[in-house]
Structure formats: structure tokens, C-alpha cells
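A.B. asks: Sequence:
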Amino acid sequence: MYACLLYIGSAGRHVQFLREVQVAQLQEEIRHPHGVKLKVRRSDAKHNIAFVELLGAIWIAGWRQRQCPQLHNAFHIGDRLVLINRMRVASLQDVQRALKRIPDDA
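Residue numbers for the sequence shown follow this note's numbering, so the first one is 2 and each next one is one higher.
Simulated from the structure, these hints should not be mistaken for laboratory data.
Be a bit skeptical, because a hint or two may be false.
Stated by the list, open to error - With a cut-off of at most 20 Å between alpha-carbon atoms, the simulated SDA-like pairs for lysine to any residue come out as follows:
| # | residue 1 | residue 2 |
| --- | --- | --- |
| 1 | LYS38 | ASP95 |
| 2 | LYS38 | ALA25 |
| 3 | LYS47 | ASP95 |
| 4 | LYS47 | ASN74 |
| 5 | LYS101 | ASN86 |
| 6 | LYS47 | ALA25 |
| 7 | LYS47 | ARG98 |
| 8 | LYS38 | PHE52 |
| 9 | LYS40 | PHE76 |
| 10 | LYS38 | ARG67 |
| 11 | LYS47 | ASP105 |
| 12 | LYS38 | ILE78 |
| 13 | LYS40 | ARG102 |
| 14 | LYS38 | PHE76 |
| 15 | LYS38 | TRP60 |
| 16 | LYS101 | VAL53 |
| 17 | LYS40 | ASN86 |
| 18 | LYS47 | VAL83 |
| 19 | LYS101 | GLU54 |
| 20 | LYS101 | ALA25 |
| 21 | LYS47 | GLN23 |
| 22 | LYS101 | ASN74 |
| 23 | LYS101 | HIS77 |
| 24 | LYS47 | ARG89 |
| 25 | LYS38 | ARG102 |
| 26 | LYS40 | LEU56 |
| 27 | LYS38 | ARG81 |
| 28 | LYS101 | ILE50 |
| 29 | LYS40 | HIS77 |
| 30 | LYS40 | ILE59 |
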């Protein structure tokens, strides 16, 4: 069974299945020339997100769903991580250095 969203516009009613909406949103994010900016707590980035280094880049490999259910709406497995606080990251060491420079969560 599909969940659906109902959009009401001036032209009447149009129903889109949730998957269609998610695919459209993902395609829009992929096409964005500067990527997508996300704000994540340092402790979550450090302890709850799995990063993997592959082909000279850092990728999101997953996250702890129970500890951080909100990340499900922020990340996609396979997203490429480019910057952390304006610091370019291309290795796991870069990620660790960048996270160390961020003050602890308040």
C-alpha cells in the first residue's frame, strides 16, 4: 500500500504517491550546483554517522537509526560529503580533523 500526498492547487486536485515525491526531491537535490547544506550536531557526526572513504572521496555509509531518527530525512546512503564547516574533506583523516575543530555540543 502506498501513502499518498494530496496537493490542492488552482487547477484542481493532483495526487502523487510518496515515492514519486521522494524521487522528485532527490533529483532536485542532485541537480543543485552547490550541493545541499545540512546542519548536524557534532556528537551525531562523530558517533552516529558512518563515513566511508572510496575513490578519493568521503561517502555516507549509514547512521544509527535509533539514536538519530531525524537523519533519515537529511541523508541518503551514498551521499558524498564535500565540506565540514567550510573545510574540504577527501579522507577519513580530514573528517576527523574537521570534527575535532568544532566545539562540543552545548
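A.B. asks: Checking one constraint from the list: CA of LYS38 to CA of ALA25, max 20 Å. Satisfied?
C.D. replies: holds (18 Å)
A.B. asks: Do the alpha carbons of LYS38 and ARG67 lie within 20 Å of each other, as the hint requires?
C.D. replies: violated (23 Å)
A.B. asks: Does the structure keep LYS101 and VAL53 at a Cα separation of 20 Å or less?
C.D. replies: holds (18 Å)
A.B. asks: Is the hinted pair LYS101 and HIS77 satisfied, with a Cα-Cα distance of at most 20 Å?
C.D. replies: Violated, at about 24 Å.
A.B. asks: Mind checking the alpha carbons of LYS40 and ARG102 for me, to see if they're no more than 20 Å apart?
C.D. replies: Holds, at about 16 Å.
A.B. asks: Hinted pair, alpha-carbon criterion (20 Å max): LYS47, ASP105. Please report holds or violated.
C.D. replies: Given that 20 Å is the threshold and the Cα spacing comes to 11 Å, the pair holds.
A.B. asks: Assess, step by step, whether the Cα of LYS38 is no farther than 20 Å from the Cα of PHE76, and give holds or violated.
C.D. replies: holds (11 Å)
A.B. asks: Given the hint that LYS40 pairs with ASN86, test it: the Cα-Cα distance must not exceed 20 Å.
C.D. replies: Measuring from Cα to Cα gives roughly 10 Å; hence the hint holds.
A.B. asks: For the pair supplied as a hint, LYS101 and ASN86, is the alpha-carbon distance within the 20 Å limit?
C.D. replies: This hinted pair holds, its Cα atoms lying about 11 Å apart.
A.B. asks: Verify the proposed pairing of LYS38 with TRP60, using a straight-line Cα cut of 20 Å.
C.D. replies: holds (15 Å)
A.B. asks: Has the given pair, LYS47 with GLN23, been kept, meaning a C-alpha gap of at most 20 Å?
C.D. replies: violated (27 Å)
A.B. asks: For the pair we were handed, LYS47 and ALA25, check the Cα-Cα distance against 20 Å.
C.D. replies: violated (30 Å)
The structure shown violates the earlier hints numbered 6, 10, 20, 21, 22, 23 and 26.
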